[in-house]
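Participant: If you want the building blocks of each chain, they are given just below.
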Amino acid sequence: MNRNIIIIGEHHEGTISPGTLELLDFSRALGSPFPEIILLGSDIFSLAENLAERTGCAVTLINGEHLNLYSAELYQKALLEVLRPRDERTLCIAFSHTSLGFDLAPALAHALQAPCISSVEDIEESSFVRSIFGGKLQSVVTPQNGPVVLTVLPGAFSPDRTPPEKSGHMRIVDVSVAPVSMIPQGERASEYRDSGLHDADVIVSAGRGIGKKENLSLISALASLFPRSALGASRAVCDLGWMEYRHQIGTTGQTVSPKLYIACGISGAIQHTSGMKNAQTIIAINSDPNAAIFSVSHYAIVEDLLSFIPVLMEEYTHPPG
Amino acid sequence: MKILVCIKQVCDSSETLVHDTDPPWVRPSPATVFRMNRFDEFALEEALLIGERFPGTEIHALSVGPSRVCTTIRKALEMGASHGIHLCIEKELYLSGEDTASIIAGYARDKGYDLILTGIMSEDTMHCQVGQYLGALLVLPCITSVISEEISPDDARVVVEREIESGRRQAFLVKMPVVLTIQSGINRPRYPSLSNVLRARSQDLETCEAEHLGSPAFRQKIAAIRYPDAGKKGTFIQGDSRQKARELLSILHEKSLLSWR
Ligand SMILES: Cc1cc2nc3c(=O)[nH]c(=O)nc-3n(C[C@H](O)[C@H](O)[C@H](O)COP(=O)(O)OP(=O)(O)OC[C@H]3O[C@@H](n4cnc5c(N)ncnc54)[C@H](O)[C@@H]3O)c2cc1C
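As they're listed, the protein sequences go chains P and Y. The letter at position 312 of the first sequence is residue 312 when you use my numbering, and the numbering goes up by one with no holes. The letter at position 212 of the second sequence is residue 212 when you use my numbering, and the numbering goes up by one with no holes.
Heads up, simulated DMTMM-like pairs for lysine to aspartate or glutamate below, C-alpha to C-alpha not over 20 angstroms straight-line: (1) P:Lys-212 / Y:Asp-12; (2) Y:Lys-175 / Y:Asp-114; (3) Y:Lys-233 / P:Glu-303; (4) Y:Lys-221 / P:Glu-121; (5) Y:Lys-255 / P:Glu-315; (6) Y:Lys-232 / P:Asp-122; (7) Y:Lys-232 / P:Glu-124; (8) P:Lys-277 / Y:Glu-165; (9) Y:Lys-233 / P:Asp-122; (10) Y:Lys-233 / Y:Glu-15; (11) Y:Lys-2 / Y:Asp-155; (12) Y:Lys-2 / Y:Asp-114; (13) P:Lys-259 / Y:Glu-254; (14) P:Lys-277 / Y:Asp-229; (15) Y:Lys-233 / P:Glu-121; (16) Y:Lys-175 / Y:Asp-155; (17) Y:Lys-91 / Y:Asp-124; (18) Y:Lys-221 / P:Asp-122; (19) Y:Lys-2 / Y:Asp-110; (20) Y:Lys-232 / P:Asp-288; (21) P:Lys-77 / P:Asp-43; (22) P:Lys-213 / P:Asp-304; (23) P:Lys-259 / Y:Glu-247; (24) Y:Lys-91 / Y:Asp-22.
These aren't lab readings, by the way, just hints derived from the structure by calculation.
Put together the whole structure using the sequences plus the hints.
Facilitator: This is the structure we're talking about:
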């Protein structure tokens with residue numbers, strides 16, 4: 001069965017996003033090593049040309065003067081100019097599960113009368129595997145026949161690709177879409193500056209499981225055992241106002257790869273683990289033996305952190321013998 | 001102004017759920033404790049804050065699900081919503097984001113809401129889809145992952161910022177009616193006040209049978225539910241807490257991550 005896979009690529013500041021390259025591996029796993037890639041933008045010809053060369057894939061560049069800034073309205077209209085009339089042979093349209101991908105995929109699926117399956121981690125025959133209940137369970141989802149719109153979890157597939165024998169073809173489709181109901185007002189950087197997380201060898205992070213703000217003293221005490229350490233946090237801890245957002249680790253916070261990461265009372269939501277799973281050694285302390293954080297940890301400690309950290313400190317300061 | 005907040009009831013711990021096979025899905029056991037999806041608490045709080053800024057605002061809290069979800073709708077009334085709506089489905093059944101949204105859209109279509117708010121994602125099915133589908137079905141703009149909003153009710157303009165990767169923000173200007181999916185951290189959800197708790201007690205919920213509100217397309221189904229691969233997990237350190245502490249210290253020492261005092 002030779003059916004098309006279409007990948008919606010993303011780029012940021014003149015480079016193709018790693019998630020887009022991972023989608024190529026996803027497509028290969030679905031049986032199509034050379035999917036069509038669609039890029040949207042304004043005057044990014046050499047980026048598109050270069051992508052076709054590097055990947056050997058056919059690249060369609062949707063070019064429009066307003067496409068330099070993302071909006072769901074503009075991008076959907078532009079994509080539908082290319083994707084419609086619907087090609088019966090299209091098997092799947094894949095986005096990365098990013099703020100662009102999850103924003104756009106459902107509305108596009110609706111327009112194409114296709115099912116939408118988000119944060120796909122794996123493929124099983126004609127079904128897709130995705131985590132539910134914070135990663136404690138997995139579901140295998142089967143779409144109806146016909147095209148399906150997917151968002152693929154960043155990090156679930158490999159961004160590496162062997163250079164192709166010949167370069168792919170690049171075509172340009174000019175569109176004249178303009179904002180009507182959603183006017184982009186620009187983008188700005190995070191307000192939260194670095195908090196020493198990137199220089200730290202060891203990061204000790206607190207999750208909602210610390211129970212209350214006062215218990216942060218335990219986390220700081222643990223961190224103080226290590227030279228060059230810093231404090232991290234899950235989003236939940238920052239949302240509660242227990243720590244500042246500049247400590248937040250994860251997709252919408254900072255991505256870190258220290259020598260050692262200790263997660264205390266963090267459940268291991270994918271949005272958190274994507275920001276720390278490349279740490280050299282990961283230790284998790286969690287009272288729930290089924291916590292998802294243990295599947296990215298090298299060492300798992302099933303304990304109540306409120307009683308365990310004091311014991312750990314005591315054993316450190318007064319080692320036996 | 002008239003605001004609809006779509007809230008979902010989720011279980012507090014998936015361990016208490018019973019797995020069904022035909023069709024594959026989960027259902028609650030007597031031990032299952034339910035609560036409001038956390039992201040929806042932020043959506044409801046944002047509606048309440050808007051209501052405080054613009055007196056006279058009606059805030060409707062709506063949930064799709066079996067009768068158990070009424071306790072969560074009541075919780076929304078206790079937090080300050082003015083009206084509760086239950087779109088009732090009979091059984092515990094899997095709904096995709098599209099299915100849920102088509103039921104809500106069937107209800108909301110002719111109700112004249114200026115704003116429709118939802119949490120960015122539900123903690124159980126984790127689709128990140130319902131708001132976007134509502135926008136598509138009701139032909140309204142939808143902004144996801146909203147971390148701030150500024151409304152000028154006179155000309156119906158709203159400036160919203162959405163949070164994207166690494167904490168960056170994209171700003172948009174939209175006109176009401178609009179769908180916003182709310183990201184956590186936009187506010188601090190309140191606890192119910194005594195006066196609202198008392199008011200909620202005597203308030204009736206509006207109930208509609210979901211099947212009268214349009215039929216979901218059911219374009220996808222669950223083939224299996226299972227536990228993630230245990231083989232991917234690291235070493236579980238064994239023993240009582242003191243033994244675990246010693247073992248952990250010696251691992252850190254061996255890896256030269258910690259020096260003995
Ligand atoms: C678009 C989007 C972006 C997001 N970005 C991020 C992000 O960048 N970073 C991020 O962290 N999250 C992010 N999130 C939120 C994420 O989905 C989770 O909600 C969040 O990470 C949960 O934080 P937590 O693990 O601290 O809390 P919970 O999930 O509530 O987990 C608490 C854990 O503590 C354990 N525990 C409780 N008591 C104890 C005790 N006494 N001792 C030991 N363990 C205990 C529990 O077993 C549980 O596992 C994002 C979500 C969305 C939708």
